[in-house]
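Student: Go ahead and model the full structure; you've got the sequences and the hints to work with.
There are 2 protein chains.
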Amino acid sequence: MATQSDIKLVAEMRTTITRLVKKLRKHSVTGMALSLTERSVMELLYNEGELLPNELAAKEKITTQSMSQILNHLAELGYIKRRSSKDDKRKSFISLSAKGASVVEQVRHEKDNWLYEAITNACTQEEISLLKKALVPLNKLVDYEDE
Amino acid sequence: MATQSDIKLVAEMRTTITRLVKKLRKHSVTGMALSLTERSVMELLYNEGELLPNELAAKEKITTQSMSQILNHLAELGYIKRRSSKDDKRKSFISLSAKGASVVEQVRHEKDNWLYEAITNACTQEEISLLKKALVPLNKLVDYEDE
DNA sequence: ACAATTCATTAATTTTGTAAAGTAAACTTA
DNA sequence: TAAGTTTACTTTACAAAATTAATGAATTGT
Chain A
1 MATQSDIKLV AEMRTTITRL VKKLRKHSVT GMALSLTERS VMELLYNEGE
51 LLPNELAAKE KITTQSMSQI LNHLAELGYI KRRSSKDDKR KSFISLSAKG
101 ASVVEQVRHE KDNWLYEAIT NACTQEEISL LKKALVPLNK LVDYEDE
Chain B
1 MATQSDIKLV AEMRTTITRL VKKLRKHSVT GMALSLTERS VMELLYNEGE
51 LLPNELAAKE KITTQSMSQI LNHLAELGYI KRRSSKDDKR KSFISLSAKG
101 ASVVEQVRHE KDNWLYEAIT NACTQEEISL LKKALVPLNK LVDYEDE
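If you read the sequences in order, they're chains A and B. The first sequence begins at 1 in the numbering used here and counts up one residue at a time. The second sequence begins at 1 in the numbering used here and counts up one residue at a time.
Certain hints may be false.
Just so you know, same-sequence chains aren't split out, so a pair can sit in one copy or run between any two.
[Said to hold, decoys possible] Quick list of in silico lysine-lysine cross-link-like pairs, DSS-like style, CA-CA up to 25 Å:
1. Lys59 x Lys8
2. Lys99 x Lys23
3. Lys61 x Lys111
4. Lys26 x Lys8
FYI, nobody ran anything at the bench for these hints, they're computed from the structure. Quantities reported herein were computed from a predicted structural model and do not represent experimental measurements.
Tutor: Written out as structure tokens, the structure is:
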């Protein structure tokens, strides 16, 4: 049933996410000239190894056209490698270069990371573990109705 | 202390929020031609009554210049009223028009609301209450270091 | 009175994405 | 095997949503 409380949750969730992403973008300029999506793509490649532009776009919720541009940019910076498939030459597997991988590692341990500072300073230990748990339903929302 | 788990949380949180906001934007076209931020501004005005462009911008984490554009758009649509202050003529108090208020109410109860569908269909009852609780620390992040 | 500040707006630009069209490879089918 | 279709990705043109810079008008401090 549609409780009043659920309706309020929906409105608040939308507002909070909308505002939070602006905060993230604003504080994302940690030396490197990467957008939030580009940064997310790098981490995805770091974790998963080799992926197709296709698959990257689906995971990041952008079009393949946008992904193409992002990959061009990352290639210019020397952060990724393209390997075209032997059995299907239309496909080009994307993976991080050594340089790209080291950038991911470096950025991860960067101490002047706004989100890290915000989480550890503004939140209690209980709240931090709450955030951790909340990632599960949040990611369900990200993947909802993607068939 | 900086646990490995916290570092992972930070990376995942950034990625999840980045992806989720794209999902929200994509499914936001519910008849009305309002951006996520414009929608958020409307709800803010609905809840708080009268605010200055100044204050609205701070809450939404955008510049006053951006807010100015948003207010122009909302005024064109007839959703807001401007009342210039008696004691300080530079200030213009912003509030919802009757039309604007009814739009907020209407949108709230709209049934083809993607986020509502996603939350109620993809999440269990426990997860929904988890999301509700997680709003507190999430909003702490939104307001962190705003002096 | 006048310099500095504040509040809001307008204008130009940047960022980040989409949509449409293009290219080439790989299937399908007859 | 040749014609037509689909798939995978790229390029180009454009739109949305924000930023920075410049302007104007009202207020405050000295």
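Student: For Lys61 and Lys111, with the copy left unspecified, which applies at a CA distance of at most 25 Å: within, between, both, or neither?
Tutor: between (29 Å within a copy, 24 Å between copies)
Student: When no copy is named, should Lys59 and Lys8 be tagged within, between, both, or neither for a Cα gap of at most 25 Å?
Tutor: between (28 Å within a copy, 18 Å between copies)
Student: From the Cα coordinates, with 25 Å as the cut-off, is the pair Lys99 and Lys23 best called within, between, both, or neither?
Tutor: Answer is neither: 28 Å inside a copy and 31 Å across each miss the 25 Å cutoff.
Student: From the Cα coordinates, with 25 Å as the cut-off, is the pair Lys26 and Lys8 best called within, between, both, or neither?
Tutor: between (27 Å within a copy, 21 Å between copies)
The structure does not agree with numbered hint 2 stated previously, though it agrees with all others.
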